[in-house]
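There are 2 protein chains.
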Amino acid sequence: MKYSSSKENYIKAIFHLQKSNESVSTNALANALQTKPASVTDMLKKLKEQKILQYERYKGVRLTAEGKKIALLIIRKHRLWEYFLVEKLQFGWEEVHEIAEELEHISSKKLIDRLDDFLGNPRKDPHGDPIPDANGKMPVLQQISLDSIELNKPMEITGIGNQTPELMELLQRTNIKIGSKLEVKKKFSFDNSLEIKMRNAAPFIISQFLAKNLLVKDEE
Amino acid sequence: MKYSSSKENYIKAIFHLQKSNESVSTNALANALQTKPASVTDMLKKLKEQKILQYERYKGVRLTAEGKKIALLIIRKHRLWEYFLVEKLQFGWEEVHEIAEELEHISSKKLIDRLDDFLGNPRKDPHGDPIPDANGKMPVLQQISLDSIELNKPMEITGIGNQTPELMELLQRTNIKIGSKLEVKKKFSFDNSLEIKMRNAAPFIISQFLAKNLLVKDEE
DNA sequence: AAATAAATTTAGGTAAATCTAAATTTTTTA
DNA sequence: TAAAAAATTTAGATTTACCTAAATTTATTT
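From first to last, the protein sequence lines stand for chains A and B.
Under my numbering, think of the first position of the first sequence as 9, with each following residue one higher.
Under my numbering, think of the first position of the second sequence as 9, with each following residue one higher.
These are calculated hints, taken from the structure and not from any lab test.
Some hints here could point you the wrong way.
A pair counts as met if it fits within one copy or between any two copies, since identical chains are not told apart.
[Stated by the list, open to error] DSSO-like cross-link-like pairs, simulated, lysine-lysine; straight-line CA separation at most 30 Å:
no., residue 1, residue 2
1, K44, K59
2, K54, K10
3, K56, K27
4, K77, K145
5, K56, K161
6, K10, K118
7, K145, K20
8, K145, K225
9, K117, K10
10, K15, K76
11, K118, K20
12, K44, K10
13, K59, K76
14, K96, K20
Given the structure is predicted, the values throughout are model-derived calculations rather than measurements.
Kindly produce the complete structure, drawing on both the sequences and the hints.
The structure is reproduced here in structure tokens:
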């Protein structure tokens, strides 16, 4: 199956909006896609025909298993291209999203799998978000900064994301290493940065980008 | 200015069809684009509005200077992506055209200029065709196999295209080197291969791909 | 529980890029 | 050079992905 760029954008937007088991509203989608609710209704009817989603009038929408798989493969493409742009073409991580929005619609599966290998099969994109594998599976990395972050809970660093020299430099400066014990003290909604307290050290603040690259487990 | 993929395909097709100063016919375009003559007429009217081409009913079409510039930048993108696919992602040269047909419509200029640098500013794509620079200028490499090839004319090798190990291997085997004197004896239209005669050696046949990588000048 | 507000859908249109069939112009040929 | 053939254009539809305005359904308030 091949889908238009427009349809792919709908699928991706629904995927990002449907947390847990809530269904996604027409208005929320229209807002995310910068379009009008009436246009969304039109498109949802077409995507329903193609069994990509479950949709009933006035009841909102959810992706089917098939729809989720398509979404994950689009996200895979997006994040691998972002990684390529930053690591190989020297773009800043803040300027790659827009370009990846175009590149993610290139259809060749072989291309994206080769790109994955060429890049060394990274598991996180430059923003710290996980990259699904060729089968659409997300790597199960427990990240520090989930939406449902728990404050003051003792945790231990179990690993780090992509081990780039830039990240290593920052880890060294902040003295964060595998096995370090820490607690999150506060989340600043302004920039999603976190105040953390490491054992035997003064609290300090880290960015969301660093946080997303820290893998943790509950301390035993 | 940004043009739709469809318009870009028309511009590119006209560029490839307009040799010297002939104008391109509606039928030839329809054939090249796998579409119907009526559709071509429709599109030509739109592109004329945008001053991309000169068009008069029943008289065929030519690109304006502006149109040629656009065409060259699309060709630049196409060929750089082909080079990337072959040199970095290990694709065979025969399988990259289709993928590059999609990639050539990605709009970011910065992306393509960064890609050019990343690839080491190659001047020829994997098929041996020249890659225009960021300003849309074709490198002026006199190639051996132009459409207007002259038989039995003494020529001298002045350089070679992209110096890949694979090309070097073949040059060694055929004993072609800079300074070699040769004449083209015959062109086989079946596969565009050429029979060449090097001074003090028996005539032999080379492929169009090799020929395109040989730069020549007239012997003095 | 009405009444009002908000969300959503339906109805009817538009622009881009196609198409088929018919009309027109150009070219070829007898 | 007139007739036939080929090329091209016009006219009128179609599909996709949008839109606005009006109607309908659901949610929220008095």
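Checked hints:
When the C-alpha separation of K44 and K59 is checked against a cutoff of 30 Å, the pair qualifies only within one copy, where the shortest distance is 23 Å, while the shortest distance between copies is 33 Å. For the identical chains of this complex, K54 and K10 are neighbours both inside a copy (14 Å) and across copies (29 Å), given an alpha-carbon limit of 30 Å. For the homomeric pair K56 and K27, the shortest alpha-carbon distance inside one copy (20 Å) is at most 30 Å, but the shortest distance between copies (49 Å) is not. Within a single copy, K77 and K145 get their C-alpha atoms as close as 8 Å, which meets the 30 Å cut-off; across copies the closest is 44 Å, which misses it.
For the identical chains of this complex, K56 and K161 are neighbours neither inside a copy (42 Å) nor across copies (67 Å), given an alpha-carbon limit of 30 Å. For the homomeric pair K10 and K118, the shortest alpha-carbon distances inside one copy (14 Å) and between copies (28 Å) are both at most 30 Å. Within a single copy, K145 and K20 get their C-alpha atoms as close as 15 Å, which meets the 30 Å cut-off; across copies the closest is 39 Å, which misses it. Taking the shortest alpha-carbon separations for K145 and K225, only the intra-copy value of 21 Å comes in at or below 30 Å, while the best inter-copy value is 57 Å.
Taking the closest pair of Cα atoms, K117 and K10 come within 30 Å of each other both inside a single copy (11 Å) and across two copies (27 Å). Within a single copy, K15 and K76 get their C-alpha atoms as close as 13 Å, which meets the 30 Å cut-off; across copies the closest is 33 Å, which misses it. Both within a single protomer and between protomers do K118 and K20 lie at most 30 Å apart by alpha-carbon distance, with minima of 21 Å and 26 Å respectively. Within a single copy, K44 and K10 get their C-alpha atoms as close as 25 Å, and across copies as close as 24 Å, so both meet the 30 Å cut-off.
In this assembly of identical chains, the alpha carbons of K59 and K76 lie at most 30 Å apart only when taken from the same copy (11 Å versus 44 Å across copies). Proximity of K96 and K20 under a CA criterion of 30 Å is satisfied in both settings, with 26 Å inside one chain copy and 29 Å between copies.
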